[in-house]
Amino acid sequence: MREVSLSGLRGKFLRSRLRRVREEEALLKKYVRRITATFPKCAVLLFGSRAKGEHLPYSDYDLAVVLNEVKDKVSLIEILRRLKPRGLPLDLIVIEKEELSDPLIKKMLEGSKILYDRLNLSRLME
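At position 8 of the sequence shown the residue is numbered -10 (this note's numbering), and the sequence of numbers has no breaks.
If you are wondering where the hints come from, they were derived from the structure by calculation, not from laboratory data. Glycine included, C-beta positions come from ideal geometry on N, C-alpha and C. There's no promise every hint is true.
[To be verified] Simulated restraints on C-beta separations:
#1 Ser83 with Leu(-9): 47 to 57 Å
#2 Ser(-2) with Asp84: 40 to 50 Å
#3 His37 with Gly(-7): 15 to 25 Å
#4 Leu(-9) with Arg64: 33 to 43 Å
#5 Val3 with Ser104: 18 to 28 Å
#6 Arg15 with Asp73: 17 to 27 Å
#7 Arg(-3) with Asn50: 38 to 48 Å
#8 Leu(-9) with Ser104: 43 to 53 Å
#9 Leu(-9) with Pro71: 18 to 28 Å
Build the full structure now, drawing on both the sequences and the hints.
What follows is the structure in structure tokens.
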């Protein structure tokens, strides 16, 4: 019977995990492109553990899509969900630009990274 070294298993796991991380990052970029093609006048923010560099191997991506005005958040979230590539672990919220002054929203988005910004949020979030 052949022995499998622990370091061999570890290396295989790490290579597999690295491949998955790269796939997820590519899916995230693809998703942001789809969002911005559909809603060019928006901002897309990555927040939570991934934005802060505190994520675990299986953490999802927390994304906020910010628009000047949202008439029907439920319908908008449904459209955004349909744009999401299969295999991208994601939590999604939709925020109106004026909601960014809400203390709870500010706290939630603390440490966020702006992935796309056609609303000039970088000035508001400093």
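Each hint tested on the structure:
1. Ser83 with Leu(-9): 47 to 57 Å: Since Ser83 and Leu(-9) have Cβ atoms about 51 Å apart, the given range 47 to 57 Å holds.
2. Ser(-2) with Asp84: 40 to 50 Å: holds (41 Å)
3. His37 with Gly(-7): 15 to 25 Å: Since His37 and Gly(-7) have Cβ atoms about 22 Å apart, the given range 15 to 25 Å holds.
4. Leu(-9) with Arg64: 33 to 43 Å: holds (39 Å)
5. Val3 with Ser104: 18 to 28 Å: About 27 Å separates the Cβ atoms of Val3 and Ser104, which means 18 to 28 Å holds.
6. Arg15 with Asp73: 17 to 27 Å: Given range 17 to 27 Å: holds, Cβ gap about 19 Å.
7. Arg(-3) with Asn50: 38 to 48 Å: holds (44 Å)
8. Leu(-9) with Ser104: 43 to 53 Å: holds (45 Å)
9. Leu(-9) with Pro71: 18 to 28 Å: holds (24 Å)
Going through the hint list in order, the structure satisfies each hint without exception.
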